[in-house]
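Chains A and B, in that order, give the protein sequences.
Numbered per numbering that gives the first Met the number 0, the first sequence spans residues 0 to 475.
Numbered per numbering that gives the first Met the number 0, the second sequence spans residues 0 to 475.
Don't read these hints as lab results, they were simulated from the structure.
You may find that some hints are simply not true.
Unchecked claim - Within a straight-line C-alpha distance of at most 30 Å, the following computed DSSO-like cross-link-like pairs (lysine-lysine) qualify: (1) A/K399 <-> A/K411; (2) A/K415 <-> B/K324; (3) A/K281 <-> A/K348; (4) B/K242 <-> A/K324; (5) A/K324 <-> B/K442; (6) A/K59 <-> B/K91; (7) A/K324 <-> B/K399; (8) A/K91 <-> A/K163; (9) A/K59 <-> B/K324; (10) B/K399 <-> A/K26; (11) B/K466 <-> B/K59; (12) B/K324 <-> A/K163; (13) A/K415 <-> A/K466; (14) A/K277 <-> A/K242; (15) B/K324 <-> A/K411; (16) A/K324 <-> B/K324; (17) B/K281 <-> B/K242; (18) B/K242 <-> A/K163; (19) B/K59 <-> A/K91; (20) B/K163 <-> A/K324; (21) A/K26 <-> B/K121; (22) A/K442 <-> B/K324; (23) A/K442 <-> A/K463; (24) A/K163 <-> A/K121; (25) A/K59 <-> B/K121; (26) A/K324 <-> B/K91; (27) B/K415 <-> B/K348; (28) A/K121 <-> B/K26; (29) A/K324 <-> B/K59; (30) B/K26 <-> A/K324; (31) A/K91 <-> B/K91; (32) B/K348 <-> B/K277; (33) A/K399 <-> B/K324; (34) A/K121 <-> B/K59.
There are 2 protein chains.
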Amino acid sequence: MRPLTVDSLNPAILNVQYAVRGELAIKAEEHRVNLQENGQASGLPFDRVISTNIGNPQQKGLDQPPITFVRQVAALMEWPDLRRLAPDVFPKDVIARATELYEEIGSVGAYSHSQGVPLIRKSVANFIAERDGYPSNPAHIFLTGGASYGVSLLISMLISTPYKTGILIPIPQYPLYTATLAQHSGAALPYHLDEASDWSTAIGEIEAALETAAKDGISPKGLVIINPGNPTGALLDEHTQEKVVRLCEKHSLVLLADEVYQTNLHRAETHPFTSFKKVVRKLDSPIPLVSFHSISKGVSGECGRRGGYFECVNISDEVIAMMYKMVSVGLCPPLAGQIGVDCMVRPPKVGDESYPLWKEETDTIHKALASRSGLMAERLNKLPGVSCVDSPGALYLYPKIELSDKAIAAAKEAGKEPDAFYALALLDATGICVVPGSGFGQKEGEYHYRLTCLCPGVDEYVGKLEKFHEEFSKKY
Amino acid sequence: MRPLTVDSLNPAILNVQYAVRGELAIKAEEHRVNLQENGQASGLPFDRVISTNIGNPQQKGLDQPPITFVRQVAALMEWPDLRRLAPDVFPKDVIARATELYEEIGSVGAYSHSQGVPLIRKSVANFIAERDGYPSNPAHIFLTGGASYGVSLLISMLISTPYKTGILIPIPQYPLYTATLAQHSGAALPYHLDEASDWSTAIGEIEAALETAAKDGISPKGLVIINPGNPTGALLDEHTQEKVVRLCEKHSLVLLADEVYQTNLHRAETHPFTSFKKVVRKLDSPIPLVSFHSISKGVSGECGRRGGYFECVNISDEVIAMMYKMVSVGLCPPLAGQIGVDCMVRPPKVGDESYPLWKEETDTIHKALASRSGLMAERLNKLPGVSCVDSPGALYLYPKIELSDKAIAAAKEAGKEPDAFYALALLDATGICVVPGSGFGQKEGEYHYRLTCLCPGVDEYVGKLEKFHEEFSKKY
Numbered sequence: 000m001r002p003l004t005v006d007s008l009n010p011a012i013l014n015v016q017y018a019v020r021g022e023l024a025i026k027a028e029e030h031r032v033n034l035q036e037n038g039q040a041s042g043l044p045f046d047r048v049i050s051t052n053i054g055n056p057q058q059k060g061l062d063q064p065p066i067t068f069v070r071q072v073a074a075l076m077e078w079p080d081l082r083r084l085a086p087d088v089f090p091k092d093v094i095a096r097a098t099e100l101y102e103e104i105g106s107v108g109a110y111s112h113s114q115g116v117p118l119i120r121k122s123v124a125n126f127i128a129e130r131d132g133y134p135s136n137p138a139h140i141f142l143t144g145g146a147s148y149g150v151s152l153l154i155s156m157l158i159s160t161p162y163k164t165g166i167l168i169p170i171p172q173y174p175l176y177t178a179t180l181a182q183h184s185g186a187a188l189p190y191h192l193d194e195a196s197d198w199s200t201a202i203g204e205i206e207a208a209l210e211t212a213a214k215d216g217i218s219p220k221g222l223v224i225i226n227p228g229n230p231t232g233a234l235l236d237e238h239t240q241e242k243v244v245r246l247c248e249k250h251s252l253v254l255l256a257d258e259v260y261q262t263n264l265h266r267a268e269t270h271p272f273t274s275f276k277k278v279v280r281k282l283d284s285p286i287p288l289v290s291f292h293s294i295s296k297g298v299s300g301e302c303g304r305r306g307g308y309f310e311c312v313n314i315s316d317e318v319i320a321m322m323y324k325m326v327s328v329g330l331c332p333p334l335a336g337q338i339g340v341d342c343m344v345r346p347p348k349v350g351d352e353s354y355p356l357w358k359e360e361t362d363t364i365h366k367a368l369a370s371r372s373g374l375m376a377e378r379l380n381k382l383p384g385v386s387c388v389d390s391p392g393a394l395y396l397y398p399k400i401e402l403s404d405k406a407i408a409a410a411k412e413a414g415k416e417p418d419a420f421y422a423l424a425l426l427d428a429t430g431i432c433v434v435p436g437s438g439f440g441q442k443e444g445e446y447h448y449r450l451t452c453l454c455p456g457v458d459e460y461v462g463k464l465e466k467f468h469e470e471f472s473k474k475y
Numbered sequence: 000m001r002p003l004t005v006d007s008l009n010p011a012i013l014n015v016q017y018a019v020r021g022e023l024a025i026k027a028e029e030h031r032v033n034l035q036e037n038g039q040a041s042g043l044p045f046d047r048v049i050s051t052n053i054g055n056p057q058q059k060g061l062d063q064p065p066i067t068f069v070r071q072v073a074a075l076m077e078w079p080d081l082r083r084l085a086p087d088v089f090p091k092d093v094i095a096r097a098t099e100l101y102e103e104i105g106s107v108g109a110y111s112h113s114q115g116v117p118l119i120r121k122s123v124a125n126f127i128a129e130r131d132g133y134p135s136n137p138a139h140i141f142l143t144g145g146a147s148y149g150v151s152l153l154i155s156m157l158i159s160t161p162y163k164t165g166i167l168i169p170i171p172q173y174p175l176y177t178a179t180l181a182q183h184s185g186a187a188l189p190y191h192l193d194e195a196s197d198w199s200t201a202i203g204e205i206e207a208a209l210e211t212a213a214k215d216g217i218s219p220k221g222l223v224i225i226n227p228g229n230p231t232g233a234l235l236d237e238h239t240q241e242k243v244v245r246l247c248e249k250h251s252l253v254l255l256a257d258e259v260y261q262t263n264l265h266r267a268e269t270h271p272f273t274s275f276k277k278v279v280r281k282l283d284s285p286i287p288l289v290s291f292h293s294i295s296k297g298v299s300g301e302c303g304r305r306g307g308y309f310e311c312v313n314i315s316d317e318v319i320a321m322m323y324k325m326v327s328v329g330l331c332p333p334l335a336g337q338i339g340v341d342c343m344v345r346p347p348k349v350g351d352e353s354y355p356l357w358k359e360e361t362d363t364i365h366k367a368l369a370s371r372s373g374l375m376a377e378r379l380n381k382l383p384g385v386s387c388v389d390s391p392g393a394l395y396l397y398p399k400i401e402l403s404d405k406a407i408a409a410a411k412e413a414g415k416e417p418d419a420f421y422a423l424a425l426l427d428a429t430g431i432c433v434v435p436g437s438g439f440g441q442k443e444g445e446y447h448y449r450l451t452c453l454c455p456g457v458d459e460y461v462g463k464l465e466k467f468h469e470e471f472s473k474k475y
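Just chain A, with the same shape it has in the complex (with noise of 0.2 Å):
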């Protein structure tokens, strides 16, 4: 018997990587393993691990608590029998949104719709309705276990001949993109946003990047747009966003928006967000648009529930069928991430009675991610060699850092990216983890790393970067 080996899989599955989960977040993991068994006897000149790599806010040790309105709604659909057995506990709103989630749905415990339960497609249609100010068509929505689940079945689906279909990245991109292009056998397309203007989007760079392909032989599908940007939290302006439908049109590109951050925004009087759906609307523009929407970011933050949604638009009925039938196999979106995203499209209005909390709790959580983000930016650009972009939006910021001669020769030797090999110290003196550059895409030559504004005790956690980084500039 030959036993199962790497190099006798899918060779397409070796290609995949997706550093946000990678080595440093395993080695983190590894040492808060080793915190909790050993406490100060690990060895660990830090006494706690600071996640600062992965965009979720409510994991342990960060202080975004839940939407109580959104973990109301879902006890009471868990166990219905609460509404007669605590019945005081409830907002009474909560119980009227509940009893017409359960009148419809009925048990949680069953599979839906597959596109997902059609009073929350309904509730998402309104929502985007009301938001673009132009309409939305639930047969066209399909609620997904999350944003990635769609970005997946778009990328598999578009990649019709392996190696030879591309579709365009921004670099720096969240490497959902190049995990899903490799796992698909597709080509990924990379374009640079210029972080000299903030991280903005240039149409010249999408069609220097159009002009590679043609050399490669690479058929362009579609074009990914993530807008507020990850991880550079940049947002597009409407001008520019015109541009790249134009630009879509003219090279018969689909445009995936990777839409999930459209709510964080730090400074939403100057930087606005305008949703694609919106701008091809406006311009009566023909182009096929799949816009990605998640309740794991903006002030919901729930990841874990595995909820968000994708909408179509001019894309055919017949399309659409074979989209139905790929999420069929996988029988339905969970339950829990559904009341999610109808809980995050419907929130409590003024008048009701959740509204003054949920109006308190969603502005605390806004305050505080655009607060830190501001401070953040401020200390990392007054570190020697780092200079930091101030992101208007998305939970991320992603300095650029300026690595020595020698700090890169030391990283060469140790089998790593620089900028790897930073965070690894990084890690190692300190136990922040953050996600190096390499794992987003950048210039030669150039070294970034992600981190996230999710961190309460801005402070104390800054400092440490701080004495770390003036620590390794000596060493290096």
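Position chain B against the provided structure of chain A, taking the given hints into account.
Chain B only, in chain A's frame:
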């Protein structure tokens, strides 16, 4: 701008078929909406749709309630304040379980470890060790969003050469296998189960399929066994299981054991379940085994939570690391599903406050399934031209129907498979939705359909089936 057409999509997608949620299910949903909106004015000759096409025990119109223990734990995890606000409505062991899980997990709104919460994986390992009498390693267990997710992951990893790597699948089979193989360009290598001996698995049939594969230049990589069977409900005896394991050794096959119905046993005294893990360990066999389990079936019936797990046996750390990498791209399985897994593998014990109710609820479900299954098989077997194996396990019956030349000709004229033609006529006449055998596979010239034993009111519902069969037989 060229529009996005079906022809321009990944051609593998076009080949995917999944009958359980296919034409019949879509038409049934149309009838349901029609009845809901128009009532008697719908013009339909029935007043409700009976969805016996899918193993979805808690769906509306069926009467299988959730297990209270699961839902109470889940409600407390959703809103932990309930422990304080309504302490008297929860049994003590429920509060203890929720507290233990909360201390480990923290918020259910946070991503967990991509492989699943460590404590819950330990619970699964204990459950397996107790079931089999052989140890189980939590590091080799992956919690998943339903068993389907795990099956799809494994198949996507095993198919190393498009169209040239094959997986042996039983015929009839649960169409997840053919759908997933089509999606990942794998070759389905069918072996027939023997209806004449209660759908038993014959080693000779598998060997014959291996010979055919060799002639076709297809390299077999894995063998799927569904035990208890879907759609057949058959159970493998231990002697056959041993032969299956030896065959996998001989041909270097990865054994994919779909054991999601392991507790759905209608006559456990004469037809017990033995896991493949136990057989592999007992034989001290080196074959790589992946076994799948789910909270969607059994008496749990928690389909909508999307929870399950797979255990890897005799699989190297390098291959497990690849699996971890792949699941990490999808971030983590839904927490609601993971909590469901914990409750399934660690139910209340004698002496716990929840135990009497848990025992009553699970006994009631077991009895109802066994009695309905037997009753339905008996009645179906009395119909002229119908024969039905009285299945000892799972949730389904798979009766064979003889169709006249006239019926077959009418089907051909309608552009339908003959059994799909029969099933559509059944749906239109009675509102009963079944899945035609062509969706699962059957021998040339044979016709079947699958129906679940989940619907209450067997007498009324089988009565409708009988009346329809008589009329159909008269007409054709």
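Here is how each hint holds up against the structure:
1. For the suggested pair A/K399 and A/K411, the alpha carbons sit about 19 Å apart, so the restraint of at most 30 Å is met.
2. Distance check on the hinted pair: A/K415 and B/K324 sit about 19 Å apart at the alpha-carbon level, within 30 Å; holds.
3. Annotation: proposed proximity of A/K281 to A/K348 holds, straight-line Cα distance about 28 Å (limit 30 Å).
4. This hinted pair does not check out: B/K242 and A/K324 have alpha carbons roughly 37 Å apart, beyond 30 Å.
5. Taking the CA atoms of A/K324 and B/K442, the gap is near 25 Å; set against the 30 Å cutoff, the hint holds.
6. As the CA atoms of A/K59 and B/K91 are separated by approximately 25 Å, the hinted pair is consistent with the 30 Å bound.
7. Taking the CA atoms of A/K324 and B/K399, the gap is near 27 Å; set against the 30 Å cutoff, the hint holds.
8. Using a Cα cut-off of 30 Å, the hinted pair A/K91 and A/K163 is violated, with the two alpha carbons roughly 56 Å apart.
9. Taken as a hint, the A/K59 and B/K324 pair is honoured in the structure, with Cα atoms around 23 Å apart against an allowance of 30 Å.
10. A C-alpha spacing of about 57 Å is found between B/K399 and A/K26, which places the hinted pair above 30 Å, so the restraint is violated.
11. Taking the CA atoms of B/K466 and B/K59, the gap is near 25 Å; set against the 30 Å cutoff, the hint holds.
12. Using a Cα cut-off of 30 Å, the hinted pair B/K324 and A/K163 holds, with the two alpha carbons roughly 25 Å apart.
13. Our distance criterion of 30 Å between C-alpha atoms is met by A/K415 and A/K466, whose separation comes to about 23 Å.
14. At most 30 Å may separate the alpha-carbon atoms for a hinted pair to count; A/K277 and A/K242 meet this at roughly 14 Å.
15. Between B/K324 and A/K411 the CA atoms are separated by roughly 24 Å; this keeps the pair inside 30 Å, and the hint holds.
16. Under the criterion of a C-alpha separation no larger than 30 Å, the hint pairing A/K324 with B/K324 is consistent with the structure, at around 27 Å.
17. For the suggested pair B/K281 and B/K242, the alpha carbons sit about 13 Å apart, so the restraint of at most 30 Å is met.
18. Only pairs whose Cα atoms come within 30 Å are accepted, and B/K242 paired with A/K163 is rejected, the gap being roughly 44 Å.
19. Of the supplied pair hints, the one linking B/K59 and A/K91 holds, its CA atoms being roughly 25 Å apart against a limit of 30 Å.
20. For the hint linking B/K163 to A/K324, the alpha-carbon distance of about 25 Å falls within 30 Å, and the restraint holds.
21. For the hint pairing A/K26 with B/K121, the CA-to-CA distance comes to about 21 Å; that is within 30 Å, so the pair holds.
22. Under the criterion of a C-alpha separation no larger than 30 Å, the hint pairing A/K442 with B/K324 is consistent with the structure, at around 25 Å.
23. Between A/K442 and A/K463 the alpha-carbon distance is near 27 Å, which keeps this suggested pair within the 30 Å criterion.
24. Only pairs whose Cα atoms come within 30 Å are accepted, and A/K163 paired with A/K121 is rejected, the gap being roughly 38 Å.
25. Restraint check: the Cα-Cα separation between A/K59 and B/K121 comes to about 20 Å, which is no more than 30 Å; the hinted pair holds.
26. As the CA atoms of A/K324 and B/K91 are separated by approximately 44 Å, the hinted pair breaks the 30 Å bound.
27. The straight-line distance between the Cα atoms of B/K415 and B/K348 is roughly 52 Å, outside the 30 Å bound, and the hint therefore fails.
28. Straight-line distance between C-alpha atoms of A/K121 and B/K26 comes to about 21 Å, which keeps the hinted pair within the 30 Å bound.
29. Distance restraint check for A/K324 and B/K59: the Cα-Cα separation of roughly 23 Å lies within the 30 Å cut-off, and the hinted pair is therefore satisfied.
30. For the hint pairing B/K26 with A/K324, the CA-to-CA distance comes to about 14 Å; that is within 30 Å, so the pair holds.
31. About 28 Å separates the Cα atoms of A/K91 and B/K91, which keeps this hinted pair within 30 Å; it holds.
32. Our distance criterion of 30 Å between C-alpha atoms is met by B/K348 and B/K277, whose separation comes to about 24 Å.
33. Proximity of A/K399 to B/K324 is assessed by CA-CA distance (about 27 Å); at most 30 Å being required, the pair is judged to hold.
34. Between the alpha carbons of A/K121 and B/K59 the distance comes to roughly 20 Å, so the proposed pair stays at or under 30 Å and holds.
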